[in-house]
Amino acid sequence: MDFANTPSFFRSGPKPGTRLLLCALASIALLVGDSRYGLMEQARDGMSLVLYPLQRAVNLPLGMVRHVSDYFTVQADLKSENDQLRTRQLEMSARLARLETLERELNELRSLNAIKASRNDAAQLAETLYTGRDPFSYKIIIDKGADAHLQPGQPVVDGHGLLGQITRVQPLTAEVSLIIDKNQMVPVMIARTGERAILYGYGGGVEIRYLPLHADVRENDMVVTSGIDGLYQEGTPVARVSKVERNAGAAFSRITTEPLAGVQQTRFVLVLQEKGQTPPRPAEPVVPVKKTKGKKPADSE
Amino acid sequence: MSFDRPKELLKPVKRRFIFMTLLLAVLVEMIPLPHGSTRWLPDFISLVLLYWLINQPRRVNVGVAFLMGLVADIATAGMLGQHALAYSATAYLALSRQRQLVMFNLGQQALAVLGLMLCNQSIMVVARMLNGSAFVGWSYFLPPLIGALLWPLLTKLLLLPYRHHSV
Numbered sequence: 088m089d090f091a092n093t094p095s096f097f098r099s100g101p102k103p104g105t106r107l108l109l110c111a112l113a114s115i116a117l118l119v120g121d122s123r124y125g126l127m128e129q130a131r132d133g134m135s136l137v138l139y140p141l142q143r144a145v146n147l148p149l150g151m152v153r154h155v156s157d158y159f160t161v162q163a164d165l166k167s168e169n170d171q172l173r174t175r176q177l178e179m180s181a182r183l184a185r186l187e188t189l190e191r192e193l194n195e196l197r198s199l200n201a202i203k204a205s206r207n208d209a210a211q212l213a214e215t216l217y218t219g220r221d222p223f224s225y226k227i228i229i230d231k232g233a234d235a236h237l238q239p240g241q242p243v244v245d246g247h248g249l250l251g252q253i254t255r256v257q258p259l260t261a262e263v264s265l266i267i268d269k270n271q272m273v274p275v276m277i278a279r280t281g282e283r284a285i286l287y288g289y290g291g292g293v294e295i296r297y298l299p300l301h302a303d304v305r306e307n308d309m310v311v312t313s314g315i316d317g318l319y320q321e322g323t324p325v326a327r328v329s330k331v332e333r334n335a336g337a338a339f340s341r342i343t344t345e346p347l348a349g350v351q352q353t354r355f356v357l358v359l360q361e362k363g364q365t366p367p368r369p370a371e372p373v374v375p376v377k378k379t380k381g382k383k384p385a386d387s388e
Numbered sequence: 036m037s038f039d040r041p042k043e044l045l046k047p048v049k050r051r052f053i054f055m056t057l058l059l060a061v062l063v064e065m066i067p068l069p070h071g072s073t074r075w076l077p078d079f080i081s082l083v084l085l086y087w088l089i090n091q092p093r094r095v096n097v098g099v100a101f102l103m104g105l106v107a108d109i110a111t112a113g114m115l116g117q118h119a120l121a122y123s124a125t126a127y128l129a130l131s132r133q134r135q136l137v138m139f140n141l142g143q144q145a146l147a148v149l150g151l152m153l154c155n156q157s158i159m160v161v162a163r164m165l166n167g168s169a170f171v172g173w174s175y176f177l178p179p180l181i182g183a184l185l186w187p188l189l190t191k192l193l194l195l196p197y198r199h200h201s202v
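So the protein lines, in turn, are chains S and P. Be aware that the first sequence starts at 88, since it is given in our numbering, and climbs by one per residue. Be aware that the second sequence starts at 36, since it is given in our numbering, and climbs by one per residue.
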């Protein structure tokens, strides 16, 4: 209780209970505003800009250690790696030559049929700054953002396959939701049969749900993007089927898959362009779909 | 016993030092660590915060805890307000028993800190699950245990600059 003649030593502003009430109310308001309505994006942008130098500073010694260890690589390692890369490059250039012919043919056919060539292959290389520490969500932060004209929704890949999708762009950084994140869904198809399905992340892994029992899926089948959502290019490898369980009692078969991309350990990632130019859906009233939530229109199928 | 709190007069704590230690905790939180280490690494921000709440309750109060929670939310790319809510509730609990806590020896304090940090994690789990996340497993409650084990070390470290006879 504060009296006019209370010595200043005892005066300490509002009681802890009052403060708690205020702070709890404020944080609940923030929680609801952020998760349900996405109101706090601006504030988050600002704060992340303030924290960016700190992140850089923390990353600096680590980067230096990496640099030093890169410098002292054994020559034999370098040589073998070089040989490997050279062979790979040879293979790739042969494949590329074939692809280029095919692409030219495809474009000719497309122009004959008056279809716009829709592929846009521009890609940007980015480096992983850090992985989010939040154990509930699987996200990585990359070192490019609005400054490199990234946009929410762009797919992100590494050397092996699809990694995820940009879900939040900040001035200098961007957040990538990995495909194993709980809210991520990717429209895919089984490469061998062309059977379409949706790959769901469940937080820590991916699985294919809602495929009927008689669907032709085997172990070690490759799962690639189907490209029907107008977001991911078709044919990007995503996962490999590791186990198929067919339980006669269940309506769907249980298909466990493993992501191909190093979803937790990649250092460099490639940000691709959205596929774009999907003709608008006929009929149906247009409801704006939020890309920032990681939901794609395909999940309504 | 060396684990007892030093019964000696300490130099007054500077506001700058409190700020520096909190900043350092945020920095530690942002170090890019290999995946998997986050399963057992304690939440350093809340540890340092609890230390100052117990030892300097007039400088660090519920409001500071709330602000640090906001910073932690941004730094961990989590949901905004999740850490803030947990930290302010824990800060209130710590402050309401602060006069007892400060008299405890380090072992007893570590136990109290364990309880407070478990409370922290529980609030965050509840907040996330209300928002539709899946339960992440009981390993989520491992970091508080390690944090409590680190408590005596942290106390000794943070006391170092304020000893009159720093040997």
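Hints were generated in silico from the structure; no laboratory data involved. Don't be surprised by glycine CBs; every beta carbon is placed ideally from N, CA and C. A few of these clues could be false.
To give an idea of the chain P side of the interface with chain S (calculated C-beta under 7 angstroms), a few residues [unchecked claim]: (1) Leu62; (2) Met65; (3) Val97; (4) Gly113; (5) Met114; (6) Ala119; (7) Leu128; (8) Leu130; (9) Leu136; (10) Asn166.
Now the hints, each set against the structure:
Annotation: interface hint on P:Leu62 holds; nearest CB of chain S at approximately 5 angstroms, less than 7 angstroms. Taking 7 angstroms as the C-beta contact cut-off toward chain S, the hint placing P:Met65 at the interface holds, the least distance being around 5 angstroms. With 7 angstroms as the threshold, the beta carbon of P:Val97 comes within range of chain S, its nearest partner Cβ sitting at about 4 angstroms, so the hint holds. For the restraint placing P:Gly113 at the interface with chain S, the shortest Cβ-Cβ distance is roughly 4 angstroms, inside the 7 angstroms limit, so the hint holds.
Annotation: P:Met114 was flagged as interfacial toward chain S, and the flag holds, the nearest CB pair being 6 angstroms apart, inside 7 angstroms. Because the closest C-beta pair between P:Ala119 and chain S is about 4 angstroms apart, less than 7 angstroms, the hint holds. Proximity of P:Leu128 to chain S is violated relative to the hint, the smallest CB-CB distance being about 9 angstroms (cut-off 7 angstroms). Evaluation of the P:Leu130 hint against chain S yields a held restraint, the C-beta minimum of about 5 angstroms falling below 7 angstroms.
Interface restraint check: P:Leu136 against chain S, minimum CB-CB distance 14 angstroms, threshold 7 angstroms, status violated. The interface hint given for P:Asn166 is met, as the beta carbon of that residue sits about 5 angstroms from the closest beta carbon of chain S, less than 7 angstroms.
Hint compliance for this structure: hints 7, 9 are broken, all remaining hints hold.
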